[in-house]
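*Asks:* Sequence:
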Amino acid sequence: MIPLLLGLGALVGGYLVVTNWQEIEGWLKEFLPKLQAALKETGIVDYAAKLFSSVEGNVLRLVHKLYYKENGKWVERTTVREIDEAEVPAWAKEGLTSKESDVTERYEKELELTV
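Counting from 0, one number per residue, gives the positions in the sequence shown under numbering that gives the first Met the number 0.
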């Protein structure tokens, strides 16, 4: 059953690529020169770092918001608040610096594991 579904998916995907090839080709012809110019300007490592940091920031913004429906009304719950530096646990500060830290004990306690 799974090979049949995979084959069907490949056929549908192939059909979509073939039928929309001119649009795909036009988009690639438009996109690739822009990408090459951006890479020449900043270098691939810098470009990848900028891209990753912007995506990471957006993902993290989404992670701390929770949306759900309660009694027929939509609720947005955010889990963010500003705190003083003294309230930040030491393990979190270590994670934000370039220092390596051993998190084994912390996770053993949280997960109630023994190693």
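If you're looking for bench data, these hints aren't it; they were derived computationally from the structure.
Keep in mind it's a predicted model, so treat the numbers as computed, not measured.
Treat the hints with care, as some may be off.
Stated by the list, open to error - Pair ranges (Cβ atoms, derived):
| id | residue 1 | residue 2 | range |
| --- | --- | --- | --- |
| 1 | Lys108 | Gly12 | 42 to 50 Å |
| 2 | Glu81 | Val44 | 27 to 35 Å |
| 3 | Glu111 | Lys28 | 53 to 61 Å |
| 4 | Leu4 | Asp83 | 52 to 60 Å |
| 5 | Val79 | Ile1 | 41 to 49 Å |
In this text, a Cβ means the ideal position worked out from N, Cα and C, and glycines have one as well.
*Asks:* A separate judgement is required for each hint: does it hold in the structure or not?
*Replies:* Structure-based check of all given hints:
1. Lys108 and Gly12 have their C-beta atoms about 47 Å apart, which keeps the hinted 42 to 50 Å range intact.
2. Hint check: Glu81 to Val44, Cβ distance near 33 Å, so the stated range 27 to 35 Å holds.
3. Under the hint 53 to 61 Å, the C-beta atoms of Glu111 and Lys28, about 57 Å apart, fit the expected range.
4. Checked against the hint of 52 to 60 Å, the C-beta distance between Leu4 and Asp83 comes to roughly 55 Å, which is consistent with it.
5. In this structure, Val79 and Ile1 meet the distance hint of 41 to 49 Å, their C-beta atoms being roughly 42 Å apart.
No hint from the list above goes unmet by this structure.
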